[in-house]
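Each chain, written out:
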Amino acid sequence: MPLLLPKLPKGPHYGILAEFATPAALYHACERVRDAGFTRWDAHTPFPVHGLAGAMGLKRSPLPWIVLGMGLTGAALAFLLQWWVHASAYPLVISGKPYFAWPAMVPIIFEVAVLFGALGAIVGMLGLNKLPMHHHPLFRSKVFERVTDDAFFISIESWDPRFDPATTRKLLESLGARSVELLES
Amino acid sequence: MVQTRRSSHSRRGTRLAQSEADLLDNPVAGQPTLILRSPDFHAITEVVAEPVERRTPTGWWLFFIPSFALLVLLGVAVSWLFWEGIGIWGLNVPVGWAFDITNFVFWIGIGHAGTLISAILFLFRQKWRTSINRSAEAMTIFAVMCALVFPTIHVGRVWVAYWMLPIPNQMSVWPNFRSPLLWDVFAVSIYGTVSVLFWYLGLIPDLATIRDRAKTRARKFVYGFLALGWRGSMRQWHHYESAYLVLAALATPLVLSVHSIVSMDFAVSLLPGWHTTVFPPYFVAGAIFSGFAMVVTLMVICRTAFRLEHIITLRHFDYMAKIMLVTGSMVGFAYATEFFTSWYSGNPYEVFTFRNRAFGPYAWAYWIMVSCNVLSPQVFWFKKARTSILILFVMSIVINIGMWFERFVIIVTSLHRDFLPSAWGYFTPTVWDVACLVGSFGLFFTMFCLFVRFFPLVATAEIKTVLPQADPHWQPGPAREIKDR
Numbered sequence: 030m031p032l033l034l035p036k037l038p039k040g041p042h043y044g045i046l047a048e049f050a051t052p053a054a055l056y057h058a059c060e061r062v063r064d065a066g067f068t069r070w071d072a073h074t075p076f077p078v079h080g081l082a083g084a085m086g087l088k089r090s091p092l093p094w095i096v097l098g099m100g101l102t103g104a105a106l107a108f109l110l111q112w113w114v115h116a117s118a119y120p121l122v123i124s125g126k127p128y129f130a131w132p133a134m135v136p137i138i139f140e141v142a143v144l145f146g147a148l149g150a151i152v153g154m155l156g157l158n159k160l161p162m163h164h165h166p167l168f169r170s171k172v173f174e175r176v177t178d179d180a181f182f183i184s185i186e187s188w189d190p191r192f193d194p195a196t197t198r199k200l201l202e203s204l205g206a207r208s209v210e211l212l213e214s
Numbered sequence: 354m355v356q357t358r359r360s361s362h363s364r365r366g367t368r369l370a371q372s373e374a375d376l377l378d379n380p381v382a383g384q385p386t387l388i389l390r391s392p393d394f395h396a397i398t399e400v401v402a403e404p405v406e407r408r409t410p411t412g413w414w415l416f417f418i419p420s421f422a423l424l425v426l427l428g429v430a431v432s433w434l435f436w437e438g439i440g441i442w443g444l445n446v447p448v449g450w451a452f453d454i455t456n457f458v459f460w461i462g463i464g465h466a467g468t469l470i471s472a473i474l475f476l477f478r479q480k481w482r483t484s485i486n487r488s489a490e491a492m493t494i495f496a497v498m499c500a501l502v503f504p505t506i507h508v509g510r511v512w513v514a515y516w517m518l519p520i521p522n523q524m525s526v527w528p529n530f531r532s533p534l535l536w537d538v539f540a541v542s543i544y545g546t547v548s549v550l551f552w553y554l555g556l557i558p559d560l561a562t563i564r565d566r567a568k569t570r571a572r573k574f575v576y577g578f579l580a581l582g583w584r585g586s587m588r589q590w591h592h593y594e595s596a597y598l599v600l601a602a603l604a605t606p607l608v609l610s611v612h613s614i615v616s617m618d619f620a621v622s623l624l625p626g627w628h629t630t631v632f633p634p635y636f637v638a639g640a641i642f643s644g645f646a647m648v649v650t651l652m653v654i655c656r657t658a659f660r661l662e663h664i665i666t667l668r669h670f671d672y673m674a675k676i677m678l679v680t681g682s683m684v685g686f687a688y689a690t691e692f693f694t695s696w697y698s699g700n701p702y703e704v705f706t707f708r709n710r711a712f713g714p715y716a717w718a719y720w721i722m723v724s725c726n727v728l729s730p731q732v733f734w735f736k737k738a739r740t741s742i743l744i745l746f747v748m749s750i751v752i753n754i755g756m757w758f759e760r761f762v763i764i765v766t767s768l769h770r771d772f773l774p775s776a777w778g779y780f781t782p783t784v785w786d787v788a789c790l791v792g793s794f795g796l797f798f799t800m801f802c803l804f805v806r807f808f809p810l811v812a813t814a815e816i817k818t819v820l821p822q823a824d825p826h827w828q829p830g831p832a833r834e835i836k837d838r
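As you go down the protein sequences, you meet chains W and F in turn. For reference, each letter of the first sequence is one residue, going 30 to 214 in the numbering used here. For reference, each letter of the second sequence is one residue, going 354 to 838 in the numbering used here.
Pairs of lysine-lysine residues, derived as DSSO-like cross-links and limited to a Cα-Cα distance of at most 27 Å, are as follows: (1) K737/F with K675/F; (2) K573/F with K159/W; (3) K171/W with K199/W; (4) K159/W with K171/W; (5) K171/W with K568/F; (6) K88/W with K480/F; (7) K573/F with K171/W; (8) K159/W with K39/W.
Using C-beta positions, here's what the derived DEER-type ranges look like: (9) W436/F with E174/W: 51 to 57 Å; (10) S432/F with H164/W: 43 to 49 Å; (11) V172/W with K675/F: 41 to 47 Å; (12) E174/W with P410/F: 22 to 28 Å; (13) R572/F with V172/W: 18 to 24 Å; (14) W777/F with L97/W: 50 to 56 Å; (15) W94/W with F705/F: 54 to 60 Å; (16) E174/W with V787/F: 49 to 55 Å.
A few chain W positions that, by computed beta-carbon distances, are all more than 10 Å from chain F: (17) L37; (18) A195; (19) E202.
Since the hints were made in silico from the structure, they are not lab data. Backbone N, C-alpha and C define an ideal beta-carbon position, used for all residues, glycine too.
With these hints in hand, go ahead and build the complete structure from the sequences.
What follows is the structure, given as structure tokens:
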């Protein structure tokens, strides 16, 4: 059940999938694909290979800003709730303390900020990664089943301006790909 | 390669432990060897996926059926409690809190080691955590579930338990946000939620592994649904790693705050024995102490049952034993500090409470606590003890008995002799007190059994990153091979 439908451009081919034997081979191939100027491409690995984001030329993830925004929202909401309950809606003297006893509100402000920040991290990560996306052309490839086990791939999408079925295949083969496969859309 | 000579392992017993201890340092690479027998990526996938994919082994039922029986006992005890009221427990007028809150603090403390392993050790770049973090996180979630049972049922009229939440109710009354008891409601429920989120985030790539290996349509659908369509893309990993780091940074202060707030339930009151500023750090240290003991208990069983001796190695136990030694000694120091503070305060009630704690009617509980928590972990000064599975397993259970008694001592000995001798009493547990305690272990172990059956109990994707060949600058060579003797 796809919760978000993949919005992929129309075309006969999705792109090219090339398998590499080791993280090292993938790393160097990514550097070359990056330097060749491709933009609509990706690397697929069973685990996050250290430094691969740099080899692909990825920018820093904006996720921490989402978390910061959500955390501050949570803190503000928790503060407003406590202020409203104790100083406005239901003022009650407890142990002679002032209605607006802000130091006693700090623990709940902190906890709710963490809750909102954590939700922001998860939902933000899923949103930036366009997940859940249960259908994808890559899943049609048989070798791609090993991406979560021990195989390392580069996929170049057909709507990349520099994509050409023949020359892109040659490029990936020259980078030491173990197998290269043209995927249908 | 992975399942080498299992039968000979068990026969050799302690000699294996010794030979594995010799392997703790890899002289060639000049850095710790976290995973033994040099498996390749696929071998890791195989050994972790196997318990999820094979037929349910008989051994699993041997753990599951008794656990489930205890869970049923908890159900019976709680149903009778709801029907009859909290009078079925041994509570009386000076001792209004006993097993209920003891169990609550005990379980919430157990959970803390899971978050320490998954978040704090992650921030400190302690790569050895990858072998145990998944199951420790699961342990956290199940411990928080057990913990949440007790404050919920101890209120007596559970049908109005929602009055603890800041939602409008029929009396137009709002909860008191200035009370640590309400901070506790927020802290524990948010801690549970964040622990689930953190655990699920780590599970996504591994659920995708199970999905891609699935043979039947039903498995492909269920694990595929849960894996959210993960395809190991580096652009996804990039945001994923960022989310993981941020969550670790959020969970670290959260876990420290949770047990601090739990301790304030006591420390903010004016009762001698509770009213002390040492409580927050003392409670957090004790929580990590008992939590690591529970991790050791579970890991000793899991590593043997699922043949993970090369993934959860003696090095991991060595590190965990050191943490138990440190936190156990911190707890012992806190016990001494409490006595010093009561003497130095010159307050006769404070002095009486602590003298009564050590030499009064509950002296037996106090000295069980001291011998289990302070004296017994001192064996971990010796490497032989830190790398002996038998000693570790026994000690982990001893420590958790001690830590349960610590909470019992704090709660019951402070309450049972009130300011006036006319209000003195003695708490004796009833069969229903014991049923709730034992039943909560049933809930915990039932959940843990289900977890190891249906989810990968080692973080497969993370553990592959600590293999030497995961480094993009690694070059294959025969010198890196480490032999299992």
